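Novice: Throw the hints in and build the complete structure from the sequences for me.
If you read the sequence shown in the UniProt record's numbering, its first letter stands for residue 1, the second for the next number, and so on.
To be clear, the hints were calculated from the coordinates, so they are not data collected in a lab. Please read all numbers here as calculations on a predicted model, not as lab measurements. Treat the hints loosely; a few may be bogus.
Unchecked claim - Across the chosen pairs, the derived CB separations fall in these ranges:
| # | residue 1 | residue 2 | range |
| --- | --- | --- | --- |
| 1 | Arg-67 | Lys-102 | 53 to 59 Å |
| 2 | Gln-105 | Lys-26 | 44 to 50 Å |
| 3 | Ser-109 | Glu-53 | 56 to 62 Å |
As the list claims (entries may be wrong) - The calculated lysine-lysine pairs, modelled on DSS-like cross-linking and capped at a C-alpha distance of 30 Å, are:
| # | residue 1 | residue 2 |
| --- | --- | --- |
| 4 | Lys-47 | Lys-77 |
| 5 | Lys-77 | Lys-26 |
| 6 | Lys-47 | Lys-62 |
| 7 | Lys-54 | Lys-77 |
| 8 | Lys-26 | Lys-54 |
| 9 | Lys-102 | Lys-77 |
| 10 | Lys-26 | Lys-47 |
| 11 | Lys-77 | Lys-62 |
| 12 | Lys-50 | Lys-77 |
| 13 | Lys-62 | Lys-50 |
For every residue, glycine included, the Cβ atom is placed at its ideal position computed from N, Cα and C.
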Amino acid sequence: MVDQLSSTFAALADPTRRAILARLAKGEAAVTELAEPFAMSLPAVSKHLKVLEKAGLIVRGKSAQWRPCRLDAGPMKAVADWVGDYRQFWESSFDRMDTLLKDLQKGQSDD
1 MVDQLSSTFA ALADPTRRAI LARLAKGEAA VTELAEPFAM SLPAVSKHLK
51 VLEKAGLIVR GKSAQWRPCR LDAGPMKAVA DWVGDYRQFW ESSFDRMDTL
101 LKDLQKGQSD D
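Specialist: The following block contains the structure:
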């Protein structure tokens, strides 16, 4: 069984799916609206939507003939939290690099 974080990363790995999520961040939309900017068939867009739905990143509703899709950003919070765990590492690495660059610049000005 694939864990939620892996499913979310797999869904986010595709630029088409990221573009769909960006569109849904502005509000719910029908499949035909989501398909408009892409040079692909509706079934191909539907496959992307299934991946996003399986990862829990979108929810598809049912309103008469209209099946609106909407963003569910909950799984992305888990990604943000996971990435955030590495923030301290990045910040300390940047701090060390900043110190090194300042030392190098100081050494050059002493010449």
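Novice: Within 30 Å, alpha carbon to alpha carbon, are Lys-62 and Lys-50?
Specialist: Holds, at roughly 15 Å.
Novice: Below or equal to 30 Å on CA atoms is what counts here, so check Lys-26 against Lys-54.
Specialist: Given pair Lys-26, Lys-54 holds - Cα atoms ~21 Å apart, limit 30 Å.
Novice: Assess, step by step, whether the Cα of Lys-26 is no farther than 30 Å from the Cα of Lys-47, and give holds or violated.
Specialist: Cα-Cα ~21 Å, so holds.
Novice: Holds or violated: Lys-77 and Lys-62, Cα atoms, limit 30 Å.
Specialist: 26 Å, holds
Novice: Take the C-beta atom of Ser-109 and the C-beta atom of Glu-53, compute their distance, and say whether it sits inside 56 to 62 Å.
Specialist: Hint holds: Cβ distance 59 Å, inside 56 to 62 Å.
Novice: Would the hint linking Lys-47 and Lys-77 be met if the CA-CA limit is 30 Å?
Specialist: Measuring from Cα to Cα gives roughly 24 Å; hence the hint holds.
Novice: Do the alpha carbons of Lys-77 and Lys-26 lie within 30 Å of each other, as the hint requires?
Specialist: Within the cut-off at roughly 18 Å; holds.
Novice: Using the C-beta atoms of Arg-67 and Lys-102, is the stated range 53 to 59 Å upheld?
Specialist: 58 Å, holds
Novice: For the pair we were handed, Lys-54 and Lys-77, check the Cα-Cα distance against 30 Å.
Specialist: 16 Å, holds
Novice: Per the hint of 44 to 50 Å, is the separation of the Cβ atoms of Gln-105 and Lys-26 within bounds?
Specialist: 45 Å, holds
Novice: Is the straight-line distance between the alpha-carbon of Lys-50 and that of Lys-77 30 Å or less?
Specialist: Measuring from Cα to Cα gives roughly 20 Å; hence the hint holds.
Novice: Straight-line Cα separation of Lys-47 and Lys-62 no greater than 30 Å?
Specialist: 18 Å, holds
Going down the numbered hints, you'll see the structure goes against just number 9.
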